[in-house]
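So the sequences go chain by chain: A and B.
The opening position of the first sequence corresponds to residue 9 in the numbering used here, with each subsequent residue numbered one higher.
The opening position of the second sequence corresponds to residue 42 in the numbering used here, with each subsequent residue numbered one higher.
Where hints are given, some of them may not hold.
[What the hints assert, rightly or not] Listed next, with one range per pair, are the computed distances between beta-carbon atoms:
#1 A:R43 / B:G296: 50 to 60 Å
#2 A:R43 / B:A322: 52 to 62 Å
#3 A:L618 / B:G296: 20 to 30 Å
#4 B:Y244 / A:V31: 19 to 29 Å
#5 B:E300 / A:L618: 30 to 40 Å
#6 B:F210 / A:R42: 28 to 38 Å
#7 A:R42 / B:D299: 55 to 65 Å
[What the hints assert, rightly or not] Not close to chain A: a few residues of chain B, all C-beta gaps over 10 Å, as computed:
#8 R100
#9 L110
#10 R188
These are computed hints drawn from the structure, not numbers from a lab.
C-beta: ideal position from N, C-alpha, C; glycine also.
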Amino acid sequence: MNFLNLSLGELLGLAGVLSAGVVALYLFDRTRRRRIVATLRFWAPSEISSEWKRSRRVQQPWSLILQILSMLLLLAAIAGPRLGGSLAARDHVLILDTSAWMGARTRQGILLDQAKTTALSYLNSLPPGDPVMLVRADALATPVTPFETRHQIVADAIRQSQPSASALSLQPALNFATNAQRLQSGRAGEIAFAGAARVSKEEAESLAPPPNFRLLQIPSSGENVGLKKLGLRRSPSSPESWEAYVSVKNDGVRAREVAVDLRSGTTDLGTKTVKIPPGAEVATTFTFKLAEAGLLEARIHSTDNRDDAFPQDDRAALDLPALTTVRVVVYSNNPESLQPLLVGHPQVDAKFESPSRYNPSIEADVLVFDRFAPPQPPTGREIVWIDPPAGSPFAIRGTQTNAKLERWRAESPLAAGLYTKDLELASTKIFEPSKNDQSVAETSRGPVVIARTMPSKMVALGFQPTGPSMKYQLATPLLIANILRWMAPDTFRRWDIQAATVGTVSVPVEKGTDASKIRVTGDRGRPLPFTVQGEVLRFFSGAPGAVHVHDGDRETVYSLSLPDVGEAAWKAPPTVARGVPRLAGGVASVANIWPWLALLGGLGLLIEWLLYGRGAMVHLRAARTAPAWTSRMKIPWRKAS
Amino acid sequence: MAESGVVIDNELLERLERLAIHWQKSLPGLVGGHNTSRYTGSGQEFLDHRHFHHGDDVRDVNWRAFLRLEKLFLKMFQLEPRIPVRIMVDISKSMMTGGDNGDTSKFDYARKLAAALCYVGLVRLESICLNPFSNKLGDAFVVAGGRHRIQPAVRFLTTLTPGGHTDFFTVVREFISRYPQRGVTFVISDFLDDADCEKPLQYLADFGHELILIQLWSEADREPPWDGELELEDAETGRRVELPFGTDVRTKYTGAFDEYSAHLRGVALRNGGRYVGLSTAVPIEEAIFGPILRTGAIQ
Chain A
9 MNFLNLSLGE LLGLAGVLSA GVVALYLFDR TRRRRIVATL RFWAPSEISS
59 EWKRSRRVQQ PWSLILQILS MLLLLAAIAG PRLGGSLAAR DHVLILDTSA
109 WMGARTRQGI LLDQAKTTAL SYLNSLPPGD PVMLVRADAL ATPVTPFETR
159 HQIVADAIRQ SQPSASALSL QPALNFATNA QRLQSGRAGE IAFAGAARVS
209 KEEAESLAPP PNFRLLQIPS SGENVGLKKL GLRRSPSSPE SWEAYVSVKN
259 DGVRAREVAV DLRSGTTDLG TKTVKIPPGA EVATTFTFKL AEAGLLEARI
309 HSTDNRDDAF PQDDRAALDL PALTTVRVVV YSNNPESLQP LLVGHPQVDA
359 KFESPSRYNP SIEADVLVFD RFAPPQPPTG REIVWIDPPA GSPFAIRGTQ
409 TNAKLERWRA ESPLAAGLYT KDLELASTKI FEPSKNDQSV AETSRGPVVI
459 ARTMPSKMVA LGFQPTGPSM KYQLATPLLI ANILRWMAPD TFRRWDIQAA
509 TVGTVSVPVE KGTDASKIRV TGDRGRPLPF TVQGEVLRFF SGAPGAVHVH
559 DGDRETVYSL SLPDVGEAAW KAPPTVARGV PRLAGGVASV ANIWPWLALL
609 GGLGLLIEWL LYGRGAMVHL RAARTAPAWT SRMKIPWRKA S
Chain B
42 MAESGVVIDN ELLERLERLA IHWQKSLPGL VGGHNTSRYT GSGQEFLDHR
92 HFHHGDDVRD VNWRAFLRLE KLFLKMFQLE PRIPVRIMVD ISKSMMTGGD
142 NGDTSKFDYA RKLAAALCYV GLVRLESICL NPFSNKLGDA FVVAGGRHRI
192 QPAVRFLTTL TPGGHTDFFT VVREFISRYP QRGVTFVISD FLDDADCEKP
242 LQYLADFGHE LILIQLWSEA DREPPWDGEL ELEDAETGRR VELPFGTDVR
292 TKYTGAFDEY SAHLRGVALR NGGRYVGLST AVPIEEAIFG PILRTGAIQ
């Protein structure tokens, strides 16, 4: 007999504690209770003395013995004893490879089907009573069952396993199995791994299996060409154009030639054929114009009529955002001077109106008042005031001629990239900034460009940006661009969209980036934990989905739709045990006797309750028809509880 | 009618109005009662004739007999006296036991019963004397003058507090010395006196009082529900006894209790009185219109 769930010491200790508890409860149940009565005259003294002498002894010893025996039987049932079988039952950990690569096609189904068959064979080869823990391994090691003696449960868990989207990380799974055996099992058995064991190159070189490791490796061809990356960004020179780059890798042992198709909906955006040497990764780029939102899809297909073992990484898709525009309405008597600044950019929809046709409810994102102040300035609108006359919300200190622009305030986003100091303004107004105003550019006499954020964003320029002195300066379009970007940040947000593999994702960030200003969000805006080390931001996502990395005005969208596969099949050392072991011929049948022990324990408690407990009717009937042997056992009274 | 501690609903009071206290003995008393007596007096019912003596009231002469026989005969009428009704209420500590299981305590039960009997007497214009007692006879409260006088009686009963131990001998001695006039005496008690209460009750009867003994007990008094090792404490004396208690002992205990009740009943009946044994589990109304009514103490 052996005890599966408890050691002998633990069992004896528990039995002692339980017995002590039963005896304590027994004695407590029979402790003297104090009652106040009206009189003591009806308590016959002779009766008291005779009964009292008897009560000096332990009352109902059979009740106590029956209770203790029943409790011990129940405790033994909890310990799960077995009759027969080997005394040296061992705890095994079965690691099943459920990485993305296990979804690779074979002649009979997928690789995981073979791994399941092998794992089930291994399970059947184990002695019937040996506990087995099943661990599913991909990027994470996930225990599915505890150390379970009922192998049917483990087999069901094996059959229900499905390939995930991440690559295998075998060393953490082995460490987990070793720790589980050390912490939870009495006697460690084997750590068996069933799968293709396709891991990263670094892990393949450094993997150190434990001494009790058994490898049930599933052979895989490895002839696979797949998409590794699909990146997308707007062209810096032309915002309406997209630049897409596609990276394809050949994991096989032969050179391959594949065609890369790029399409959005029914629009074919291009096809390129690439030749990829074995083990190499080749990138190709596409440039196309697309204003509407849509789904960008990249596909590869073999042009040399060779099969691909892992078709899941032959396709990647990205959501393309639409090209948004900012609507600008300019009220000016001299629109020709401002047209070169605002017309021509695909994201700026500029409209020029005469001040006499001023409409306070006109639909616009940004209003520009050129030397014009409406009688009632609109509220809640972004406004650019150029050379504002009296009546504007900005206080004017005075006018300066032949003023030299001396300083750009670097702390203002409107002055980003503006460093020129040789500007001479023919005539400019000097503003008197209020406490909510921020100076952007200044002369010796005061600010000439100021920005205000309350109640809405407003910028005031004290000079004509297209005046003779500014007309050919680079600072002019930069200043206007900064103003529009500041007023409509969503429109001019920089987008990077990439299709990547699930798992750990590394994102390059600018040096000195404040990590507290970065946000990484997953599906439905759920924040994801991340780390920033140097110029690399890392986060982990174990499931396919979209992850957004917000960094200032830049947003990078990672569409984690590509499965991650290991680069190399691990070659285990020759000392490692391999294959399914043969079923030991002398395995004796094992009988679990805990149900019988539990039944006996319950029966004992029931009998005790009927004889000594509140089973009054049964007790009375039993008393009336008491057999001869019970006459020697006096049962003077029933229990109170 | 509702007072703290003594509550009798109006419905019961309406039913009590139909009742009257009846006694069996011929007791002397003032005119105005409703019970017949063997004593002659100014009653309505003719009793007998006797020879006229000097000093007799000429209004009672039978003039028809004088005309026929030329002799003076005096008509005697049956006296219907008004006699004192005394209710002794036990307020010893033992009356507070046995009210654990939601039953009314014997003390409350006794007060309610006393209030009900008091109301019955007041309706018939009797004079009621309430006498609380434990180890001595407490201050009495006399109430008379009709049903509207029930409120002071209830207030008096409400102010009673239990205390002391039962000492019938002392109480009866004080009672006899305090009330020389014979009358009907209700004794509402558990009669659990460590000393024998037979002799004191016998003395009371010997002095001409008509005894109506109402013994109260709680269910725990008669059949203790406990099992196991018990440490019993006498509520009145504080004396303690430790013993194991079970079915056999309970049977013997109940037998002894019933034997004692039968003994009390014998004392009452032997002296021309009446006995009622009541459990506090029996509602007051059922007790009055059941066992008490059957004894004839009230009709």
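Each hint, compared with the structure:
1. A:R43 / B:G296: 50 to 60 Å: 20 Å Cβ-Cβ, so the 50 to 60 Å window is violated.
2. A:R43 / B:A322: 52 to 62 Å: violated (19 Å)
3. A:L618 / B:G296: 20 to 30 Å: holds (29 Å)
4. B:Y244 / A:V31: 19 to 29 Å: Since the Cβ atoms of Y244 of chain B and V31 of chain A sit about 58 Å apart, the hinted range of 19 to 29 Å is violated.
5. B:E300 / A:L618: 30 to 40 Å: holds (35 Å)
6. B:F210 / A:R42: 28 to 38 Å: Check passed, 30 Å falls within 28 to 38 Å.
7. A:R42 / B:D299: 55 to 65 Å: The hint (55 to 65 Å, Cβ to Cβ) is violated, given that R42 of chain A and D299 of chain B are roughly 26 Å apart.
8. R100: Non-interface label stands for R100 of chain B: nearest chain A Cβ at 58 Å, farther than 10 Å.
9. L110: holds (67 Å)
10. R188: Since the minimum Cβ distance to chain A is about 34 Å, R188 of chain B lies beyond 10 Å and the statement holds.
Against the hints set out earlier in the document, violations occur for numbers 1, 2, 4, 7.
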